[in-house]
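Counting with this note's numbering, you get residues -18 to 669 for the letters of the sequence shown.
Some hints could be false.
List time: in silico DMTMM-like cross-link candidates among lysine to aspartate or glutamate, alpha-carbon distance up to 25 Å [stated by the list, open to error]: (1) K36 x D376; (2) K36 x D82; (3) K371 x D154; (4) K36 x E47; (5) K261 x D376; (6) K311 x D566; (7) K311 x E521; (8) K36 x E197; (9) K311 x D565; (10) K36 x D55; (11) K36 x E521.
These are calculated hints, taken from the structure and not from any lab test.
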Amino acid sequence: GPGAEPPLAAAVRAVARAMGVRLPADFDRLRSIGENGDALALYTGKAGLRSRELKLQEGWWRQAGEAMIGQLRDGTPVALLPARSGWRMVRPGSGERVRVDNGVAASLTPHAHVLYRGFSSSEQRPGRALAAFVFAIVRGEMALIALASLAAGLLAMATPFLSGMLVQSVIPDGVRSEILQLILVMVAVAFGVMGFELVRGLAVLRVESVLGSAVEGALWSRLLRLSPGFFRRYGAGDLALRADAVNQIRRTVGVASITALLGVLFSSVNLVVLLSYGLKPALLALAVCAVQLVILVGMTLFELQLQRRALANGGAMQTLTVQIFQGISKLRVAAAENRFLARWMHLFAVDQTVNFRANVVGSAVGAFGAGWNILVMAALIGLVGLGGVKMTLGDYVTYSGVSGQFVSAILSLAGLIPALATVLPLWERARPILAEPTEDGAGSIHPGTLHGEIEASRISFSYPGGQSALSDVSLRIPAGAFVALVGPSGSGKSSLLRLLLGFEQPDSGAVLLDGHDLRDLDRGAVRRQLGVVLQHSRIEAGSLYHNIAGTAPLSLETAFQAASLAGLGPDIAAMPMGLHTYVDDAGATLSGGQRQRLLLARAIARRPRIMLLDEATSALDNATQAHVMATLAQMNVTRVVIAHRLSTVRDADLIYVLSEGRIVEQGDYETLAASGGVFAGLIRRQIA
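Make a model of the complete structure from these sequences and hints.
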């Protein structure tokens, strides 16, 4: 009925509830968007979830997996939820849960979207957001891990007492029946400890597996939603290591660390037992732990400085390596191999020096541990023999075993201190990724269907550390208009286009789409309605169809129609494999004109509302260019075109002429050509 929740929204709600994700209060406001093409991305984004399309394989319901949004053959979306045994399908509206079997699986289409958590958009407290993300995943299994650890610890405590009984009374008395009973009890304890340790180990493996997948997915989801300006601040190799730092933190501060902490908490029972032997024996055990901790902390603080330097140097080294591989031909042309080799060798020498010092510290810790156990044994013997502590042989054996368990539990946590110390420098490197606002952050507005009106209001912009690229630029582009941006190189045309795309933010002024400030809009949803060909756009390795369709579910006919509109149809028809023809990422098998037409076909394929073209037809001959421009004119979309070849913009409704970051002229082609200004000068230079 009216106001009823759309089935897709209900399915997302069911998945979020199953995952323990709280939906925001304004989730219900999205009902008005219905089930359009952007609906899933909008619903999941508002819920703080991310989605990835996959194909359901035969027998998928017999395997473990993550919650999904599936679709019945009649097009109705449903929630597919993993359960303790098998899967459950939840029908929207009724909320009916059905166990998935062969028949239910056959009623579903083979395509689904798996949903997974994303990192919180709380950029002010990224550490807290990351901790909350991890806790939401592990809390379900932590109770089982804690109980298994407690049970295994309590059973393990029986071993010292049984050993004490053995040497105190059972062996001296020599009663075979008592020996057999003791052996049976020890065997039972051993199997009990093994059982609980197995349960804990499997739970830990499950949590680490799920956590690894969740963190990796959330990390890459966030990286892909950061603004392009963020990636300009870091080298490719350095950024790759910064991204990996998040996973290194997860592996270091993982379930193993939590398990060690639980072991320390449960070892308090051992301390109570030690106190029953007197204050001196208990203090000896505590002193052993304290000395070990002080020494480890001291060594760790020294190692921490080395870790910071190693990570920073590793990022620089990785970035330089990527640059060398990507620009090897340019290096050889410039005969700069020796200079880059010297730079790389310097970074490598620093890396080796830092690693050597870190290994020296590690060797010192290992040597200390080897001799420390002997010193502890000597102290224990001195306590009993010279310290006035009265113990029977059985008590000594029991005390030795219990104190060993206590010290071992404390030292297992202490042994993590060097590893945990690396978390701080790792976090310092990973933090920018989690602290950077995403383009679809909290509060961003879905643009709806764009009409195509663009306005730039008094924009000024400069790149970090550079001169002003644009100064007080204003322009207005009506919906459906053909507007050109022209000017000499370095005049700010491409910078203005990047601002219109939302790749950069103006220092002052605003870019408005249909009257809405672009900064307030979900820029991902905006770009899905744009057709863009940038000056340095590249094709992808894959088939021609893959390059045209991208991730859109286009039919072969629709993709070929887009190629024909871009003037590439006859070329594809002449290829033996047609749209299935494979091209590499350099497009070596295509001419420059074919590459540009392929990029234009990609931009046209989704029927965009706005097209932004930066030198998109520079490699086309005049006839092909005329065909492409006529095609775009018939599409009734807003077109913003940057072109050095001025014949491209002869039919433009309005031409803005830029020079040194300012708009110096505007008008149609004939008016500007007759004015004798900057535009007329550009025409004269091209004719000459």
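Structure versus earlier hints - violations, ascending order | 1
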